[in-house]
Amino acid sequence: MKAPAKRKPRKSERVMRDGPDLTGGELEARLEATWSRPKGVIGWLASVDHKEIGRRYIITALAFLAMAGLLALHMRLQLMLPDNDVMTPAEFNEAFTMHGTTMMFLFAVPVMQGVQIYLTPIMVGTRAMAFPRLTAFSYYMYLFGGLFLWAAHYLHFGPDNGWFNYVTLSGPQYGVGKKSDAWAQTITFTEVAALAVAVTLVATILKQRAPGMTLARMPIFVWATLVTSLMVIFSMPAIALVSGLLLSDRLVGTQFFNPAEHGDPLLYQHLFWFFGHPEVYIIFLPATGFVSEIVATFSRRTIFGYPIVVLSLVGTGILAFGLWVHHMFATGLPRVGYSFYTAASMSVSIPTGLQIFCWIATIWEGRPRLQVPMLYVIGFIITFVIGGLSGVMIAAVPLDLQVHDTYFIVAHFHYVLIGGAVFPLLGAITYWFPKSTGRMMSEAWGKIGFWIIFLGFQLAFFPMHIAGLMGMPRRVYTYPAGMGLELPNMLSTIGSFVVGFAVALFVANMVLSFWRGLPAGPDPWDAPSLEWATSSPPAWYNFAHIPAVESRTPLWDSKDDFPVVQGLRVDDRELLMTTVISASPDIREPSATPSIWPFVSAVAVAVSFIGSIFSPWALVVGMIPVAIALTAWFWPKLPGPYAEPQIT
Amino acid sequence: MSSHCRNSLAAMAALALLAGCDRENSDARGKPFGETIPSTSPDTVFPGGQKQVPLDPRLAAYGRNAFAIAQGQQLFGAMNCVGCHSHGGGGMGPALMDAEWRYGGRIDQIAQSISEGRPNGMPAWRGKLTDQQIWQLAAYVQSLSGQAPKDAVGSRAEELSNTPPQTQTKREPVLPSDSAQQ
Amino acid sequence: MMRRGLCAGVVSAPCLAGCTGIQTTLGGAGADDTSFIRLFATFLVVCLIMYVLVVGGLAAALANRKVLTVESGAHHESSPWLRSALIGWTVLVAIGLTGLTVASFFVDRSAAARAKHPQFHVKVIANQWWWDVIYMTPDVSQIVHTANELHLPVGVEAEVQLQSNDVIHSFWVPNLAGKQDLIPGRTTDIQLLPTKVGLYRGQCAEFCGIQHANMALVVTVESKVDFLRWLAQQRRPAFAPATPLELAGYRYVTSRECSSCHNIAGTPASGQIGPDLTHLASRRTIAAGTMPMSPGNLYGWVADPQSQKPGNKMPTIGLASNDLHAVVAYLERLK
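Protein chains in written order, with our numbering: chain D, 34 to 681; chain Y, -14 to 167; chain E, 1197 to 1531.
Chain D extracted, bound-state conformation (with noise of 0.2 Å):
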């Protein structure tokens, strides 16, 4: 393509690129003006810079987590004493699936995905994400999701069956009103947003790498993120299909799940649990990719183990998708089947076992430095694997068929997924905290928050498993005295309190340190991967040149002269794409710039999915703003008079 010779060049569009003649300060100047965002409300929506978006993704989850842990905290008063009435029946049902249904939707998914959108790009060594603009109408689809279930819950059609909402309950007769159809399309937002982030952060890492990168030099939590971002591609549609499922029979009659019609209850059980169970996976692995790093930093060591850990991971991510119907062992199913999913149900703690037998290692060989991410990570394996054990026993049929709906499986999950989840998260923001904000947390106030929230955590759940064995059912509303039940029931009521003091202080800790905490340099913590090579917080290039990689662990071989890659545009955006597997530099590819439109989309689609509750001709009319956003979201960008020379 010829460009237009008329008009004479002007300065700011001319081809440039970093090179020698273009370092230091002027290159840093010259990259803050393509890569940062314009100011105001309209550019604050229009971002697509991950860093943003991951770090609204995060608090964005942290407030949801508070919503619905409130939830918990009133639930556990209304069952501190047998027979109570703080709450009603229909407002502890409410509660108890709101509980549930943000802790997994709003809160847990979406934190691991801030966390892997924030991190992922300047882990790899890039600028941006694969998809920018997909990023940022994953994050609004999310938001909106959230605050439609919420507004929903305080506008009286909240869901009330639980956060699995199983016909025959929530079908057409028995789930009665709208509330059914909320939680349905809060799914529909959730299951988009996390589907785009995770198709953003595969391409992402196969395509984005640093050069030099191999697939054998990433950072585990790249490859977790990997991972998991596979697994919700795998397993999200499912989640997609069983809620429009739900959706069509209750708006429009069909027959999915009505027996008398040939219909089948248990195949929303089925569609439902087999994502629900790599969904737990979803939300673990992630947290293990948080503990091999802080692992590896903190006892000043790579991690033992590195093929170990990720033959783990991709392992554990595989056998995930065979589990699914230890959740319904008590719907009848052929007992030959159940055994095939008691011995898999067994097998996937194999591959966790490992990799906790890598990071004890990890620690044996290195010097442990004791400060918060770590004593995080320790509180993790403490608590972790007594949450692996106790599901080790529900995977067999005869322990599940007595413990099966009761306050042990409460105990279970709550293990598996507070310590096993929330606490390396809670390390991981401890951890990554100066590297987002420039500031250190309290060191002081991180260690007694973490006292206290894992203390409290065993006081809270602990006698859950008691509760359960003595004859203590879930989701029920009050229970009657005299049956042993009083006592562990008060003991986790106090003990919730407790976390929720604990959680309330770790918050406190990060607001008042990003005001007033220890100011950070780029790698206070002396790690070895290469977003501590960034500035903290990072610029909006992230690199003013990309590195060049040659080890698992760049900064510890060559802190402050490793080798970078010249030659990217400064004037315009433009990513580096290297191969899939040994990541040599493949081609150059621009990169989407700030824009209204995913926002706009994102407003059009959810007006017309919550219309579409009310009448399915929401669907069809709303599909015409959609249609015009998505287009002016796509409308090609014409390109400038120096582009590129086509290569044909």
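These are computed hints drawn from the structure, not numbers from a lab. Note that beta-carbon positions come from the ideal geometry of N, C-alpha and C, so glycine has one too.
Quick list of the computed label-pair ranges, beta carbon to beta carbon: (1) D:I661 <-> Y:K155: 29 to 39 Å; (2) D:H107 <-> E:V1248: 31 to 41 Å; (3) D:L520 <-> E:L1258: 32 to 42 Å; (4) Y:N147 <-> D:T626: 51 to 61 Å; (5) Y:S146 <-> D:L188: 24 to 34 Å.
Residues of chain D clear of chain E, computed beta-carbon distances all greater than 10 Å: (6) M49; (7) A79; (8) M113; (9) V225; (10) M473; (11) W548; (12) L601.
Sample of chain E residues facing chain D (criterion: CB under 8 Å; computed from the structure): (13) L1222; (14) F1232; (15) F1239; (16) N1260; (17) A1307; (18) A1308; (19) D1377; (20) P1380; (21) A1409; (22) G1507.
With the hints as your guide, set chains Y and E onto chain D.
Positioned in the frame of chain D, the structure of chains Y and E alone reads:
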């Protein structure tokens, strides 16, 4: 945004909220307002140009309440209304999903028909069902001809399919039997 | 003896109270529950050993203060024995899990083998929020219909057929056996072999709506003689009213709202929607375990069921006080 625009938007939002409350309220306790089914005339034509007594808005809200309609649907099967009326198509008893209402199609008139019984076979349910249950049945019967808002009805029951989905039911006019064509 | 020893030795102190409760998985009053306790104890011992190994390894690793020659660095070389330890650990975990899986499989199979020859049949139909219990016999006139209670003869394998009239429920009597879901459109079953005479409590274990928490079942395990005596008594039609007050109650119950939903054998009240009331007064609880049977509780229930169990399907009628006295007097007659 002009104040007129703002006011209408606010009114729409308030209506939406209220509509939500009407639909979702599931207070199963006790009796509704009023102990008895008020006596209303089944006629729509009155001497001297009088109009029909307006319907108490709380009773009208019953017809919009999803819980009442669902309970009414269950009672309709449990009390064997289907034995004469089928699932709205009629049989021994008149059809309930059409436009013809021999004894009036307003919710209070339907409730009165159920409570007092009607000639030629409609039994009287007063004393066999509580007033609240009769109101719930009346709300459900109203929904069979499409009078209930579509977001308050359940699309189908968990049984053999016997009607088009209730959420797609066309809203029939409510006509007295002399002006409805047979 | 061994079971008691295991129980005491392996589970913690608060749980000892749980071993003797009426709704506990550690009660051991049924064959399946006894196998559960043994299997659980096995798993607990193995899991405790693994846990001690992991936490012990962690503690040792933290305590092991290696002197590094360089302050920080990649340190790619690791102790050679760690590789063997890794393999050993993997083998240990695999063997442990295989052993546990095999143990679980054998317990499962033995329960299935035991369950092949049930000696009598009961049908339980779950509704929101009560249990319809039907003792089946080939002679239709001998069928016993009761609600929210189950009587079982000790030492006799019973097969309970499970169905649901509305949503998914779950039948669970922890002292006797594990649970089984009742799914609309399907018939499932559970085999119970009670081994100890006593009174036990079961509860619905799958969320089924607003009053899921108050859907309990009283299970009486008794000798065969007592069981047959109970069954014969249940087969009798309802006792006739004996006093004028009871007669007034009888008239109300059989002609007004009660008869629309409830059945009382031998009277005109033949509703099929709600629990059978023929022998109501012989039951131990009211409203599926919501409260114990007593005159005061019966008054409270009949007067205003919605305040006792909000959201349940029995409406508050608003009885006049003399009707209330009459009705309750009659209901108490229904032993």
